[in-house]
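Novice: Build the full structure now, drawing on both the sequences and the hints.
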Amino acid sequence: MAEEFPVVSADAEALEAARLLATQRLPGLIVTDERGKPCAILPASQVVKFLVPGYVQDDPSLARVVDETLADRVADKLTGTTVRKLLPERPPELPVVKADDTMLEVAALMARLRSPLVAVVDGDRIVGAIAASRLLELAMQPH
Amino acid sequence: MTVVAVLVFVAAYVLIATEWVHRLLAVLGGAAILLALGVTDAEHAFYSHDTGIDWDVIFLLLGMMIIVGVLRRTGVFEYIAIWAAKRAKGSPLRVMVLLTVITAVASAFLDNVTTVLLVAPVTLLVCERLDVNPVPFLLAEVFASNIGGASTLIGDPPNIIIASRSGLSFNDFLLNMAPIIVIVMVVFILILPRLFKGSFEVDPTRVERVLGLNEREAIEDRGLLLKCAAVLLLVFAGFTTHTITHIEPSVIALLGAGLLVLLSRLEPRDYMPSVEWQTLLFFAGLFVMVGALVKTGVIERLASWAADATGGAALPAAMLILVVSAVLSAVIDNIPYVATMSPLVETMTTQIPDQTQAEALWWALALGADLGGNATAIGASANVVVLGIAMRAGSPISFWEFTRKGLVVTAVTIAVVAPYLWLRYFVLA
Numbered sequence: 005m006a007e008e009f010p011v012v013s014a015d016a017e018a019l020e021a022a023r024l025l026a027t028q029r030l031p032g033l034i035v036t037d038e039r040g041k042p043c044a045i046l047p048a049s050q051v052v053k054f055l056v057p058g059y060v061q062d063d064p065s066l067a068r069v070v071d072e073t074l075a076d077r078v079a080d081k082l083t084g085t086t087v088r089k090l091l092p093e094r095p096p097e098l099p100v101v102k103a104d105d106t107m108l109e110v111a112a113l114m115a116r117l118r119s120p121l122v123a124v125v126d127g128d129r130i131v132g133a134i135a136a137s138r139l140l141e142l143a144m145q146p147h
Numbered sequence: 011m012t013v014v015a016v017l018v019f020v021a022a023y024v025l026i027a028t029e030w031v032h033r034l035l036a037v038l039g040g041a042a043i044l045l046a047l048g049v050t051d052a053e054h055a056f057y058s059h060d061t062g063i064d065w066d067v068i069f070l071l072l073g074m075m076i077i078v079g080v081l082r083r084t085g086v087f088e089y090i091a092i093w094a095a096k097r098a099k100g101s102p103l104r105v106m107v108l109l110t111v112i113t114a115v116a117s118a119f120l121d122n123v124t125t126v127l128l129v130a131p132v133t134l135l136v137c138e139r140l141d142v143n144p145v146p147f148l149l150a151e152v153f154a155s156n157i158g159g160a161s162t163l164i165g166d167p168p169n170i171i172i173a174s175r176s177g178l179s180f181n182d183f184l185l186n187m188a189p190i191i192v193i194v195m196v197v198f199i200l201i202l203p204r205l206f207k208g209s210f211e212v213d214p215t216r217v218e219r220v221l222g223l224n225e226r227e228a229i230e231d232r233g234l235l236l237k238c239a240a241v242l243l244l245v246f247a248g249f250t251t252h253t254i255t256h257i258e259p260s261v262i263a264l265l266g267a268g269l270l271v272l273l274s275r276l277e278p279r280d281y282m283p284s285v286e287w288q289t290l291l292f293f294a295g296l297f298v299m300v301g302a303l304v305k306t307g308v309i310e311r312l313a314s315w316a317a318d319a320t321g322g323a324a325l326p327a328a329m330l331i332l333v334v335s336a337v338l339s340a341v342i343d344n345i346p347y348v349a350t351m352s353p354l355v356e357t358m359t360t361q362i363p364d365q366t367q368a369e370a371l372w373w374a375l376a377l378g379a380d381l382g383g384n385a386t387a388i389g390a391s392a393n394v395v396v397l398g399i400a401m402r403a404g405s406p407i408s409f410w411e412f413t414r415k416g417l418v419v420t421a422v423t424i425a426v427v428a429p430y431l432w433l434r435y436f437v438l439a
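Here the protein sequences line up with chains A and B, keeping their order. Take 5 as the starting number for the first sequence in this note's numbering and just add one per residue. Take 11 as the starting number for the second sequence in this note's numbering and just add one per residue.
Be aware that a few hints might be false.
Claimed, not checked - Listed next, with one range per pair, are the computed distances between beta-carbon atoms: (1) A:D37 - B:P203: 45 to 51 Å; (2) A:E93 - B:A323: 53 to 59 Å; (3) A:S137 - B:G233: 37 to 43 Å; (4) B:F409 - A:E93: 17 to 23 Å; (5) A:P92 - B:L269: 52 to 58 Å; (6) B:E230 - A:S137: 30 to 36 Å; (7) A:R29 - B:D213: 37 to 43 Å; (8) B:T215 - A:V56: 22 to 28 Å; (9) B:E29 - A:P64: 29 to 35 Å; (10) A:R29 - B:A21: 55 to 61 Å; (11) B:N181 - A:V56: 31 to 37 Å.
These aren't lab readings, by the way, just hints derived from the structure by calculation. Being a predicted model, the structure only gives us computed values, none of them experimental. Yeah, the Cβ is synthetic: ideal placement off N, Cα and C, and Gly gets one too.
Specialist: Right under this line is the structure:
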């Protein structure tokens with residue numbers, strides 16, 4: 005069920021992570037700590053949220069009054085920022101499963117943590133990841 | 011019973027002031043203990059105007075919260091704020107002055123926290139465009155919000171409590187509070203350049219970025235805006251004709267909220283998030299605790315001591331109330347403070363034969379409590395909200411940064427209102 009999946013370090017450049025998400029159309033990235041252990045999942049939606057100014061998040065009607073596009077903000081906001089800064093202040097529980105976990109276990113974890121991606125680990129080692137789209141693909145295959 | 015009532019009250023107050031537990035838990039816990047020990051009972055707590063929950067206050071707040079829940083969906087506030095920033099032609103000082111005036115006027119009709127929540131995002135947008143530090147602007151707005159809120163019966167929760175206890179009407183507040191608040195605002199605007207010296211430098215090339223904002227896009231549903239305007243006019247007409255119709259402000263606010271909900275055809279999920287149930291419950295618990303003090307005679311004894319301390323004279327009493335209220339409201343939430351003081355002031359006013367001078371005690375309480383809230387970062391709910399907004403925006407405001415400016419604003423505003431009270435109610439009355 006698990007597939008190979010790009011991994012980024014928490015101290016990597018945020019711009020590089022965003023580029024990886026964009027060019028490979030990924031739902032998220034697995035983030036690792038300094039020892040290479042998975043420490044968080046960075047959903048693409050979290051990067052999008054980071055690009056939206058706080059005042060627009062507080063008052064969405066302000067998005068309409070600004071003449072600039074989101075594109076104008078990407079370089080400004082992400083240059084000089086690390087992946088760690090993109091992560092939520094209090095990261096939710098890390099969505100990890102073992103290679104021999106069932107599809108239902110994986111689906112239950114994804115649903116509970118509302119994560120588009122789960123990391124598949126063997127001990128501390130990442131062996132791959134399962135995206136929500138991959139899970140659906142497998143679930144819809146004729147038996 | 012008196013000792014128990016005082017002990018529970020003081021313990022709850024300490025918990026509220028120190029924030030060791032959530033303030034709602036403190037007042038509901040206190041009320042529960044008083045009910046469980048029989049210091050007060052259901053009859054006194056739920057059905058008595060003097061010793062129980064003031065339902066007029068609760069339902070006036072509920073009605074206004076629902077109205078604001080619909081109103082904030084119109085985008086009219088954002089429209090006005092951006093329009094004003096563009097009229098300021100990018101001058102940071104002019105932007106600050108216009109936004110503070112808008113905040114003060116809005117605060118007179120909406121609660122201060124809502125006003126600050128509406129104006130802060132627009133302020134951050136304009137400051138980002140001008141590339142200026144938003145902190146002085148946010149501070150000026152929250153000060154203006156606390157000042158402007160003092161001008162009407164519905165502008166600040168302490169005023170709602172005072173109105174309900176004293177029987178003073180919406181028009182009484184307009185005629186007595188609004189004039190001095192206009193003067194206070196003028197003085198406040200005059201001290202802004204000095205208060206925030208060095209905060210108004212701007213790169214001229216950034217001005218175009220403010221002028222490029224399109225305020226018309228803020229209003230998505232013109233029909234809803236017109237409906238809100240019509241209902242608000244009716245509500246304020248109801249408030250101002252109270253002396254003729256004798257319909258309580260709480261009933262008018264509820265009727266207005268109901269009418270607006272019907273006309274807007276919005277779903278409860280659209281406007282109900284604006285109802286702060288925790289605040290309403292906080293009020294309920296507070297009224298039960300203060301009611302127990304009234305029932306056990308504590309308030310009457312305190313009023314008697316206060317009357318002795320001022321020699322029964324109205325002017326020293328008014329000045330004492332003004333200064334004590336400003337000082338205490340700086341360190342404790344002005345809502346529990348006014349809820350406690352109102353029955354005390356009510357008793358004090360009965361000992362003053364001159365009606366005008368007796369009323370001055372209520373205005374002193376309102377002005378002291380409302381303006382005292384500016385002194386520290388924890389003096390008013392809106393202050394705490396602004397600190398949170400600034401933190402999220404990456405421009406944190408420290409307690410002392412707030413307090414350094416807040417103390418100056420409070421000292422100046424109290425210095426302005428003290429002679430007003432003396433002149434209007436004692437010299438020229």
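Novice: Need the list of violated hint numbers for this structure, in ascending order.
Specialist: Hints 5 and 11 not satisfied by this model.
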